[in-house]
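Undergrad: Chain order of the listed sequences is A and B.
Going by the working numbering, the first sequence wraps up at 461, each residue one higher than the last.
Going by the working numbering, the second sequence wraps up at 511, each residue one higher than the last.
Because the hints were derived from the structure by calculation, they are not lab data.
Don't be surprised by glycine CBs; every beta carbon is placed ideally from N, CA and C.
Some clues are possibly wrong.
[Said to hold, decoys possible] Among the chain B residues that face chain A by a calculated CB cut under 8 Å, a handful are:
no.	residue
1	A27
2	P146
3	P147
4	L149
5	E201
6	I330
7	G332
8	A337
9	M345
10	K349
11	P352
12	N414
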Amino acid sequence: MRFRIRSALAAALAMALLTACGAGSTGGGSAESAEDYPSKQLDWTIAFGPGGGNDIMARTMVDILKKKKLYPEDIRMENRDGGSGATGWGHLFSKRGDGYAISTTSGSFITTPMQAKTGWTWKDFTPVGLMATDNSLFTVNPKSNITTWEAWVDSAKEKGTVKVGGIGTVNVDFIQHAMLAQQAGYKIDYVPFNEEGQLITSLSSGALDAIVSNPSEVVGQIDAKKMNALLYTGKKPLPSHPHIPTGESLGYEDLPSTPRGLILAPDAPEHAQKWWTDTMKKVVATPEWKAYLKKNDLTPDERWGDDFTAYLQETSGLLETKLREQGALK
Amino acid sequence: MEILGNLVGGIGHAVSPLNLALLAAGVLLGMVVGVMPGLGPSAGLAILLPLTFSLDPTGAIVMLAAVYYGAMYGGTITSVLINTPGESATVASTFDGYPLAQQGRAGPALVMAAVASFVAGTVGTLMLSVAAPVTAGVAESFGPPELFLLVMAGLLTLIVVIGKNRLLGVISAIIGFALATVGIDIGGGEQRYTFGSPELINGIDFIPVAIGLFGVGEVLWTLYNGGHLERLRYFKLKAGSQGFWPTRTDWRESRGPSVRGSFLGFFVGVAPGAGATIASLMSYSLEKSLSKRPERFGKGAMPGLVGPEAANNAATSGAMVPLLTLGIPGSAATAVLLGGFLMWDLKPGPLLMEQEPDFAWGLIGSMYLGNAMLLAINVFCIPIFASLARVPFRDLAPVILVMCALGTFTVNDSIIEVGIMAVCGVLGFFMRLFGLVPAATVIALVLGPMAEETLRQSMIISGGSFAVFVQRPGSLVLLGVIVVLSLLPLYGAWARRRAPDQSRSGERV
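Extracted from the complex, chain A is given alone in its bound form:
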C-alpha cells in the first residue's frame, strides 16, 4: 500500500513536470501560423532501446532529414524504452496538441494497449504515414532435414504438437505461428522469448522445432546454412532471397506484419501533419531510404493519412480477433 501511494506520488510529480513542459511548448505552437512551421526543435521519441528495428529506422530517417536539410531546426532524439513501448508512446501521448513531438511505430504500437492499461491506443495519435512493413521468416534447424514448407507441415502433423518460438506473447510473432498452424492443421506449443539471441540458440540447440524472426536478424544464419527458411510472410518475395516462398503463394493470406510508420502527438495541428506527410514523401524517395530498406530487408509500403489509419484499423482488428481466438486476450 505504501509503495502504491509512493509511486502514485512520483507519477503525479512526473506528470506535473511533463504537463508543465508540454504546456510551455504547446502555447508557442498554437500561436504559430502554418507558413512558419517548422520553427522549433523537434522532440523525436524512440519507444525502444538502441540497436533494434525501430531505433534503426528512426535514426535513418533523421539522418536523411539532416543530410537533405529537410528539417531546418534541431532534432533531439531520445530512446524512451520500457513497457513494450508504453513508456515512449506514453510520453508522446502527454504532448497533446504539440506539433513538435513525433515517433516511429512498431507492432507493439497496436498490441501493447490491448494487454496493458496504457491510457492510450493507436487511435489517439495523429497519423503521418506508413513507410514500410517488416515481415518475418519462418525457419527450422537444418538438422531436421526439412527444406520445404510441405515437409514441415507433414512432420508437424506426424509429431502432433510442435514447439515454436518468437518474441513476446501478445505480439505479431505469436499470431503468425497461430495462423499458420491453424490453417495447415497442426498444433503448436508457443514459447515466448525476450531476446532474439536466446531465440536463435534455442532453435540451434534443438529445443525448438521452428521460430519466426525479422529477416535482418536471420539472413546471416540462412546464408551460412545454420537455418532453413521455409516461408516468408511478406506479400512479395524477399528481394535478397527470392527463392523462399511467400505465405500467399502457399495459400496463407492476411499474415500480419510489423508496421514501420510515423505518428505525431494526439491532436497535432493540421499544418504539422501536412508538412510531415509532404516531407516524408520526399524522404522515402531518396536513395538512402531505399538502401536502408534493402539492407534491412523491409518491404516498401507507403500509405499516407487516412490510408494509414485504415491500415492500422485493419491490422488492429485482425490482431485482436486472432489474439482472442488463441486465448491470449480475454
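Based on the hints, put chain B in the right spot on chain A.
TA: Same frame as chain A, now just chain B:
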C-alpha cells in the same frame, strides 16, 4: 599458423593512428561509464552508438568494444570505494571489495582488481583468438533448459552470501524474488503488481534497487554509526608509501583466483544470457569453496574480489564469441553492438569472420592493446580515485547520494526509478540494522526473472516434464557442474580439518 597470421594482421590493422586514438577514447569513456553508478556498459554503448555511424566499421567496433570492457574495469572502482555496483556484473565485487576499503586497503584492492581484469582480459582475448570456432558450438547448444541450469549455478552463490545467518538470509532472498515478479509475465502476458503504472510494466530493474540497497543504504548506515564525525582513513595516499601497493600475500593469493576466474568467465560468457553476472557470482562461490579460510570471505578476502573481477572481464571476451562467429547477441551490450553492425553496412552472421577478416581480427587485435592500456590507466589513476577516501565522510555523503540519484535517473530517464532507489536506500539501512542480507536480495532480483523465464520456457517445451534437464547433453554437463559446486564446500571443510596447521602457517608468509 593461420590464426597467428590473422592476429598479426589484426593488430597491424588496429594500430593505425586513427584506430589507436579511437581505442584510447573508448577505454577512457568505458572507465567513465563504469565509474558512474547506474550507467552500465549497455546504456553507455547505446548513447555512443550513433556517434560511430560515420566511422569506418573497424574503428567503430574497436572503440565500442573498448567502452564495453573498459566499463568492467571502471565498475570495480565504485563497487570497492562506495559499495555501489554500477551494473549486475560487479555486484560480486562489492562483497569483499568494500570491506577491504573499510580496512584501509582500497589501494591494494583496486590494484589487484585491475591486474586480475588485465589477466582475464588477455586470457579471454587469447581464447577468443584460438578457440572461437570451437567454443561457438557451446553457445549454439544453449536452449532454455541449459540457461535455467546456468542461472541455478549462479543462484548457488546465495548459499555463500547468506552464510550462517540462514533465516534472515532466506528472507532477504525472498524479498528479491518477490520484487522480481513485478511486471508483465513473459509466459502469459498478464501484468503482475503493476498497479496500472506503465513504468512498472517492464518490472523493477535491478539498478535502482542495487544502488539504493548498497550505495544509499551504506551511506545511511555509516551516518548512523557516526561516520560523519570522523575522517575516514582508508589508506595513505602517496604511491610507494606502505599500504598502497599490494603485498606479496595479496599477489600470491590472487594468482589462482584470477586464472580460474578467467577461464570460468570466458566459458560462461560464451553462453547467451547474463554471462558476466553469473560468471562473477559463480567465481565468488568457487573461490570461497576452495579457500583455506572461507570465514574471511565477506570481511575483506582478496580472492573474493579478484576472482569475480577476472570472471566478469573474461566474460566480455567470451560474449564476443557468439557475436563474431554466429552473429548472435548474448547480452544487452552485445545486442547494441549487433545493431551497430547493420548500421556500418556489415552483415552479422556466421559468415562474418570469413567475409570481413579485417574487421573481426582488427577488433580481436585491439582487445590485447586495449586491456594493456586499461591496466596502465588504472594503475596511474587509482591514487586519484582512491583520494576520494581522504575526503571527510560528511562531505562525501551528499556527493554519493547525488551520484546515486543521477546515476539512476540517467538509465531510463525515470523519476519513478529514482523513487524506487530512495525507498530501497531506506530499506537497505533497516536491513543492515536488523541483520538481513542486502546482497541476497540483489542476487535474487537479478537472477529471479531469468530463472522464471527459462524454467517456464523449458516446461512449455517439455510439456511439463522435468526430464528435459537430463535428456540433453548440455544440461547433463551443467548438472554435473552444479553438483561439483555444491559439493566443493564440503570437500574444502574436510581438507581443512585434515591439515589445519599447514594452512594457517601458509597464510602468514
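Undergrad: Out of the numbered hints, which ones does the structure contradict?
TA: Checked against the structure, the only hint that fails is number 1, while the rest are satisfied.
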